[in-house]
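A.B. asks: From the two separate chains plus the hints, produce the assembled complex.
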Amino acid sequence: MSDGIADYVSRVYRFALRLTGDPHRAEDLTQETFLRAWRKRGSLRDPRATRTWLFRIAVNLWKDQSSKGKPDAVALETEIAAGCATPDQHLQGQEELQQAIKKLSGLPPRQSQVLYLVAVEQMSLAEAADVLQINKNTAKVHLSLARKQMRETFQAKS
Amino acid sequence: MKPIDCEQLDDYLAGDLPCDWVAVFEQHVGQCPACSAEVTQWKKLGTDLQQASQALEAPSAALMESIRESCEPTRAPPREPTRARRLAAAVAVCLTAGLWLAVIPGGRESSRPPKEDHVVAVPKGPITRVELPDNVIGVPVDIGDPDVTVVWVYPVYDPAGESD
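Line by line, the protein sequences are chains A and B.
Sequential numbering of the first sequence, starting at 1, is according to the numbering used here.
Sequential numbering of the second sequence, starting at 1001, is according to the numbering used here.
Just chain B, same shape as in the assembly (with noise of 0.2 angstroms):
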């Protein structure tokens, strides 16, 4: 170990200084009015700094509400399922099927590479269940409503049937 002097005051006041110096060269300070001075002044330096910052350099009220926007997306309660509600499921159910019929007769388009995604909406209660054709692929989507099933129905798409 080199002997502890006035040198090490940088890795010192850095908190580089190896553990076991630490303590020896604070017995230094404590005899060296030079080092001593300067360990006072970094302190209150610190300290100074950080009430300074502090008051002086605060984020403005309109940051910290986007950042908590951002960050915190709230998402909404549970709602109670109401009549028009069940009926908008029913509705997009309706369409859907219509776009299946008009997109995939007979299974023809089949070969084509999928361009687009449909949601399907399926209430709970009287429709239970949903027959998917065999060229399609049907994927839950949980959005938070207990009342509402959401289904991504993907096309399959098939690269050796689309070099015929």
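Here chain A stands alone, though its shape is the one from the complex (with noise of 0.2 angstroms):
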């Protein structure tokens, strides 16, 4: 697989498990979101949107399945605390990475989205918004929540 295209998979899955909160379905979700992509590539107009295009398709495919009544997914951190997301076990420094992912995990969905969107994938807060489909004030509140509990989390840390 070419190496731009194995970024975007890793990209939209990591995004996928803000939404799902479950590896499993986050891999459901990123392989029905390339699927869909993939058929309605024609429609995207500028392949620097790219990223925000993908996105933008798992928060609508999710949306869907969510309104279909599918089961709440299993808290992220349970996973990850049952070693399930840790393919590296050598890496240094897990303990805090995990926590870190733990406590992203943690957070209310929206804000763990809002925050991941823009702490981690380096986007503005109208793309953001964009993709989550929300108000930008609104994606505003939710990421000065997430950075405050966030903040708890590095205070203790040091």
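Since the hints were derived computationally from the structure, they do not count as laboratory data.
Mixed in with the good hints there might be a few duds.
What the hints assert, rightly or not - Cross-link-like lysine-lysine pairs, in silico, DSSO-like; alpha carbons within 27 angstroms at most: (1) Lys1043(B) - Lys102(A); (2) Lys148(A) - Lys1044(B); (3) Lys140(A) - Lys1043(B).
Said to hold, decoys possible - One side of the interface only, derived from the structure: several residues of chain B facing chain A at Cβ under 7 angstroms: (4) Gln1041; (5) Gly1046; (6) Asp1048; (7) Ala1052; (8) Glu1057; (9) Leu1063.
To be verified - Have a look at the derived ranges for each label pair, beta carbon to beta carbon: (10) Ser67(A) - Ser1070(B): 22 to 28 angstroms; (11) Trp38(A) - Lys1044(B): 35 to 41 angstroms; (12) Asp1142(B) - Arg39(A): 18 to 24 angstroms; (13) Gln122(A) - Ala1062(B): 24 to 30 angstroms; (14) Ala6(A) - Val1141(B): 31 to 37 angstroms; (15) Arg36(A) - Asp1142(B): 23 to 29 angstroms; (16) Gly106(A) - Cys1019(B): 32 to 38 angstroms.
Idealized CB from N, CA, C, for every residue including glycine.
C.D. replies: As structure tokens, this is what we get:
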């Protein structure tokens, strides 16, 4: 697989984790996202917007699935604590990284999603709001709340 | 412009501060220990989460492979024509010609709505031209093989004839 697509798959999968909270469902959502994207690839006008376009497809698919009444996801931090999402056991500082992910996953879904898009994907607030299809001011409130909750983790660590 | 102070911190961290305010706010950050600490923590948070997410949340190889197969369909490279393939193509032509004779006797069926399509394979070489009856339309299909021509054949549907 070309590096470009592999990178997008990784990004979409990690974002799908924020949406679903469950690795297995995140994989399903990622796969469905790429299938739909492949079918609709002609509608992508600007290749520079590929990431945002893919994320928006994932959000739409997740909304569709949620409206069909699929059960709530298993808390992601449980999966991580059980070691299901830790492929590299020799990574230095893994415990700290796990704590960061657990804290991120423990946030309310919207806060986690906005924080992820802005802090990790380095999206602007407007882009994040566009992906999640929410008001920009709402996104800003979620980001502020998420940042304050995460700050406690860092203060505790230091 | 409002005075730049700690109130703009959220906008700054969210990348939502107007461009001409950014430099001014960064000057404020340089002089404000509280904002400076927040900005430092925010940058560290981003770095840590990025590192953690990449290290701990990698998609499985099976998912990667599955998406690769879905999104990068590989076409078989063109093959050299073989005697068997030419023979198969000729048989296909004969079968299809027989089908025409059976299904479209004298154009009587032309008034029926189309129910199925027929595939006609015409090899290059001895057969260079195929006459189609007036009551069908042939549409060539590119299958990527220079030695085989596939034509979708559609019966012509005449709604006026149906009402007779």
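A.B. asks: Next step is simple, just say for each hint if it's right about the structure.
C.D. replies: Here is what the structure says about each hint:
no.: 1; hint: Lys1043(B) - Lys102(A); verdict: holds, 19 angstroms
no.: 2; hint: Lys148(A) - Lys1044(B); verdict: holds, 14 angstroms
no.: 3; hint: Lys140(A) - Lys1043(B); verdict: holds, 17 angstroms
no.: 4; hint: Gln1041; verdict: holds, 5 angstroms
no.: 5; hint: Gly1046; verdict: holds, 4 angstroms
no.: 6; hint: Asp1048; verdict: holds, 5 angstroms
no.: 7; hint: Ala1052; verdict: holds, 4 angstroms
no.: 8; hint: Glu1057; verdict: holds, 5 angstroms
no.: 9; hint: Leu1063; verdict: holds, 5 angstroms
no.: 10; hint: Ser67(A) - Ser1070(B): 22 to 28 angstroms; verdict: holds, 25 angstroms
no.: 11; hint: Trp38(A) - Lys1044(B): 35 to 41 angstroms; verdict: holds, 38 angstroms
no.: 12; hint: Asp1142(B) - Arg39(A): 18 to 24 angstroms; verdict: holds, 21 angstroms
no.: 13; hint: Gln122(A) - Ala1062(B): 24 to 30 angstroms; verdict: holds, 29 angstroms
no.: 14; hint: Ala6(A) - Val1141(B): 31 to 37 angstroms; verdict: holds, 34 angstroms
no.: 15; hint: Arg36(A) - Asp1142(B): 23 to 29 angstroms; verdict: holds, 26 angstroms
no.: 16; hint: Gly106(A) - Cys1019(B): 32 to 38 angstroms; verdict: holds, 35 angstroms
In this structure, none of the earlier numbered hints is contradicted; all agree with it.
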